[in-house]
Amino acid sequence: MPEDRPIVALLTDFGVEDAYVGVMKSVIAGRCATTILDISHAVQPQNIAQAAYLLWSAYKYLPERAVTVGIVDPGVGTSRKAVAVRWPRGHFVGPDNGWMSYVIRDFRAQESGAAAGELPRGWEGVELTEPRFWLDPVSDTFHGRDIFAPVAAALVNGTSLSELGSPLASLTLLEIPPPTGGDGSVRGHVIHVDHFGNLITDVPAGFLPERYAVAIGSGTVEGPARSYESPDPLVALVGSSGSLEIAAPGGSAARLIRAAVGDPVSVTSAKKSGGTPTHE
Amino acid sequence: MPEDRPIVALLTDFGVEDAYVGVMKSVIAGRCATTILDISHAVQPQNIAQAAYLLWSAYKYLPERAVTVGIVDPGVGTSRKAVAVRWPRGHFVGPDNGWMSYVIRDFRAQESGAAAGELPRGWEGVELTEPRFWLDPVSDTFHGRDIFAPVAAALVNGTSLSELGSPLASLTLLEIPPPTGGDGSVRGHVIHVDHFGNLITDVPAGFLPERYAVAIGSGTVEGPARSYESPDPLVALVGSSGSLEIAAPGGSAARLIRAAVGDPVSVTSAKKSGGTPTHE
Amino acid sequence: MPEDRPIVALLTDFGVEDAYVGVMKSVIAGRCATTILDISHAVQPQNIAQAAYLLWSAYKYLPERAVTVGIVDPGVGTSRKAVAVRWPRGHFVGPDNGWMSYVIRDFRAQESGAAAGELPRGWEGVELTEPRFWLDPVSDTFHGRDIFAPVAAALVNGTSLSELGSPLASLTLLEIPPPTGGDGSVRGHVIHVDHFGNLITDVPAGFLPERYAVAIGSGTVEGPARSYESPDPLVALVGSSGSLEIAAPGGSAARLIRAAVGDPVSVTSAKKSGGTPTHE
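Protein chains in written order, with our numbering: chain A, 114 to 393; chain B, 114 to 393; chain C, 114 to 393.
One chain only, chain A, in its complex shape (with noise of 0.2 Å):
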């Protein structure tokens, strides 16, 4: 029981002090009557990496044929392209200048032998080159405004990705570095910190031995707890992402240990417990 129409999800860096946000959703709502959801306008101003893990933290969980407009965009009226990209289970549309990469990552994971940028399999896009589905003027500094939203309105209309533009090949990707590692040990990144401080690490669940010691800046904790709640000062778990999370219970691991994003992690593998107590 779902809506009949695609919703519209917005992931941009615009803060709600200005109106910016709420104009973009008016372009959509004069133009289409669906529910628009915000995913997150905090995105650190210019921060395209930061968009890329939310919009990573957020897409699996996108209704069906949800349009994702992501908007973070420090090279809006330069020759960055705009585009609109269809996955299989909706559409993106945004500038070219990798927001889409960790997700691009997941499906290119499953495929070998595509080039660098190369469409996943499934996927479709164009450049938006057809003025006649946008605002008129069309500004230098606002696409959301004059081009993103409108476009987003057209796909929500069911207008075909072939009439936006033409047929895109590539799309622009961040280099990712993924987490290295062998012999049980394992080396990766805090790519996030969330609200509560919890430090979130591109370490995926499938990496971590059944017990283990994370180090990350001078502190160390085992894991993996089952929860938040705990005696300890710091726990280690994976997180709602599927990825290696360090928390602090009622506290922010962040401010607990000063770490921030970027930071290396190192996990290695621990005794397990449960058997006869070792000597510690």
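Hints in this document: simulated from the structure, not taken from any laboratory. Incorrect hints may have been included.
Said to hold, decoys possible - In silico lysine-lysine, DSBU-like type, Cα no more than 30 Å apart, as pairs:
#, chain 1, residue 1, chain 2, residue 2
1, A, LYS173, B, LYS194
2, C, LYS173, C, LYS194
3, B, LYS173, C, LYS194
4, B, LYS194, B, LYS173
5, A, LYS194, A, LYS173
6, A, LYS194, C, LYS173
Fit chains B and C to the given chain A structure using the hints.
Below, chains B and C without anything else, positioned relative to chain A:
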């Protein structure tokens, strides 16, 4: 002419920096077409009492049959129960940790002889035990997404409470010290500091004499004022939630007198004005 | 394919920490099924001029027939009027304190001989005097909830303006000093600093020479740039609202040159570039 379907209202401590709220809305919108409202997502992390106050300040205004999802959930993944509750005007869905306490107190105030924690008359609750209504798999750290959002959508779609789990006789309640007093004097507490710096207390309008003096911190202020507009640095009045409120016209009372949640306030009867001016 | 019913757009200084916005939406959603948009809730407390600017930056993009509710209301509960106004593309509802001033100035610019405060041609307004459309009781401190939200819902549901109150001949206007100038030089002011630290001025695009130099604070910047991407520390360009804007590529112009709302800017004609480079 409101919507046919129940709307969903969300109250969380998730903030808006991450995709957590957007993901919950995505799960809901993917399962039912209805309006999704934000009560607030700015509850201080893990502050159940603040969520309880905010729900209380809003509940009388919720549309009929609204499904209100409250997620301030430090115990996620532990043995705390997940519950859905029907009250006379809708449903509450979330962890069983006290976030409905102020609302329940309102309902219990009209009863006598009820045991602590017992559901008020006319309420019904279940512990959520039926995984077929949840996402699969269920994470240990994000039941808002994996359990509460899909259960809320099920309620919107007409699923009955009894399908969702097993009956619940009692709910966890916060200990809320009521205001005390007599002989024209009342002692209460600041229970919320709002966006404007207004100090909202737990002293209900009905406890206030016609004219009164409020002692808070090192200051005193006479009331009631009729509005926030005044040449005085501080005013005391009955706020929009129906309890005593201290405000600083054009500024922040919290900053002006350095008051915070939990601070005691004391109200005493003051001489009536309007007759012969008293010597002062 | 927009919605049949008018949408509601909200602009307030309520912030998002409290349930104030959620309560207003609850009142509206309980009375009419329509899309409710946020223009912004981050107007500085009691800053009517900022609300007026934000409304102006958004109003041309509002869907046809939108009911826009603006609540920056330091005078709530005093004798300030509560009003509803029909303008050619929808309705405005809120206190009569100047928050529509920039929009009215746009409309008045096309007229001559109108008295200050008089409604522009084609506009119609009423003072809200009919309590049967309000919540009962009406608080002294939250007319957004008790008067403006239910009146907005009534307008969405087709209630005519004349049922809501008595005709209004004039509206309170803010004094907005217009930019001044002549002989190729213009003096204006910073009227908004946005989320990115961009300095938005009141100097309209039409007042700018082909090439120009902007003096602001201790700095000077030549324009126009075509985008925010530049090796220069500062760029000047026509922003998305159609007026002169100063930005710092990849950073915050407000922080870089310590500029704020109200600061004067002075624009003078600059030599054309594109020919032989001039000695500099």
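A quick look at each hint next to the structure:
no., hint, verdict
1, A:LYS173 to B:LYS194, "27 Å, holds"
2, C:LYS173 to C:LYS194, "26 Å, holds"
3, B:LYS173 to C:LYS194, "27 Å, holds"
4, B:LYS194 to B:LYS173, "26 Å, holds"
5, A:LYS194 to A:LYS173, "26 Å, holds"
6, A:LYS194 to C:LYS173, "27 Å, holds"
Hint compliance for this structure: every hint is met.
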